[in-house]
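Student: Just need the whole structure built from these sequences, with the hints factored in.
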Amino acid sequence: MVMVHGDVSPGFETVAAAFANNFAEHDEVGAACCVYLDGAPVVDIWGGMAEVDPPRPWARHTIVILYSCTKGATAVMANKLIEEGRLDPEAPIAEYWPEFAAKGKATIPVKWALSHRAGLAEVQGDLTLEDVAAWDPVVEAIAAQPPVWEPGTAHGYHTRAYGWIVGEIIRRITGVSPGRYFADAIATPLGLDFYIGAPAELDARIARMYPAVLDADAQALMDSVLADQSTFMGRVMSGPSGLFAYNDMWNTRLMRGAEMPSSNGHGDARSLARMYAACIGDVDGVRLLSDETVARASEVLSDGPDCVIGQPLTIGLGFMLRPTFPVGVGPRTFGHSGAGGSTAFADPDRGLTFCYAMNQMKMAMAADPRSQPLVTATYESLG
0 MVMVHGDVSP
10 GFETVAAAFA
20 NNFAEHDEVG
30 AACCVYLDGA
40 PVVDIWGGMA
50 EVDPPRPWAR
60 HTIVILYSCT
70 KGATAVMANK
80 LIEEGRLDPE
90 APIAEYWPEF
100 AAKGKATIPV
110 KWALSHRAGL
120 AEVQGDLTLE
130 DVAAWDPVVE
140 AIAAQPPVWE
150 PGTAHGYHTR
160 AYGWIVGEII
170 RRITGVSPGR
180 YFADAIATPL
190 GLDFYIGAPA
200 ELDARIARMY
210 PAVLDADAQA
220 LMDSVLADQS
230 TFMGRVMSGP
240 SGLFAYNDMW
250 NTRLMRGAEM
260 PSSNGHGDAR
270 SLARMYAACI
280 GDVDGVRLLS
290 DETVARASEV
300 LSDGPDCVIG
310 QPLTIGLGFM
320 LRPTFPVGVG
330 PRTFGHSGAG
340 GSTAFADPDR
350 GLTFCYAMNQ
360 MKMAMAADPR
370 SQPLVTATYE
380 SLG
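FYI, the numbering for the sequence shown is 0 to 382, going by numbering that gives the first Met the number 0.
What the hints contain is simulated information worked out from the structure, not anything from laboratory work. A portion of the hints provided could be inaccurate.
[Unchecked claim] Simulated restraints on C-beta separations:
id	residue 1	residue 2	range
1	T106	V285	30 to 40 angstroms
2	D6	V285	19 to 29 angstroms
3	P56	A100	46 to 56 angstroms
Beta carbons: idealized from backbone N, C-alpha and C, even for Gly.
Tutor: As structure tokens, this is what we get:
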């Protein structure tokens, strides 16, 4: 049985038990879970291995890539700018980023980028990973391309394009990169250990991400889907230029250090639970979003089958909404899940925030068999 480290408030012991059970029943390698209630932590636990070979235990200050949970952090930035009156979700993106107007995109509003309705899920152009890490080449490619479907008529998961589009809007407004803005406006005031673009000095604390282990047939199917550039899903999920797959590439210095506000935030469960707690209430004197901003951000803008991934998604101003999230959460829950199993959310009706982070990917999106028992135990602990 794995040793569970950390702190658990009385009444929440079943969360720690469910966490330990993941190692016994679901081949967990290393993980962390944090729950905030009314602005204070009630569960802050971790265990397992940050790296198997050479062996390195998961420690209190271990951080890990959280994939698309990063989109939730980017949505917090955007909604903070909306609250401050610096960003209008109804305004054309081109109002902030004039070059974006090319190829029929002049009237696409900010809210469609946040809700995956901009028609730009597929990033076109011949790009390299170095181009992606450099930022300017990839946002210039997006600005120069036409939409791949009529904007506003459907929603399709902008797997990586979401971060570049919303991130460039943030950069044009603030004058700094989205990673820098997050550090200055959100991470520093709250003392978060979360980075969009992790510097090299953090490498010793970053857990190694282990790709999902599939049987031969399932792996062949996954490889064919991602490698087949003749299909829309293949181009979106592996794009741009077929560069991406969920493999060891995410453990490289290039991918850790690049600013990808859709995909490569590195942090701990504690930080995202704390960030969301500051979105729905006061955390040590810091409040990120007002109740009115949260209500507006939680209005459904996209709902139903997604034209990229083929499964239903419910999305507001950048956040995933119910019923996308695990079973049992409150009706006004908002947040974002990440590839492989990570998830983070806020339930304003219960004053609750939650984050689960791990380094063994599974083929699940919102209903991961490891996070769901943790969520269930958390809500049962509330009584």
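Student: Kindly confirm whether 19 to 29 angstroms is satisfied by the beta carbon distance between D6 and V285.
Tutor: This hint holds: roughly 21 angstroms between Cβ atoms.
Student: So does T106 sit 30 to 40 angstroms from V285, Cβ to Cβ?
Tutor: holds, 37 angstroms
Student: Quick one: are P56 and A100 within 46 to 56 angstroms, going by C-beta?
Tutor: The hint (46 to 56 angstroms, Cβ to Cβ) holds, given that P56 and A100 are roughly 52 angstroms apart.
Violated hints: none; the structure is consistent with every hint.
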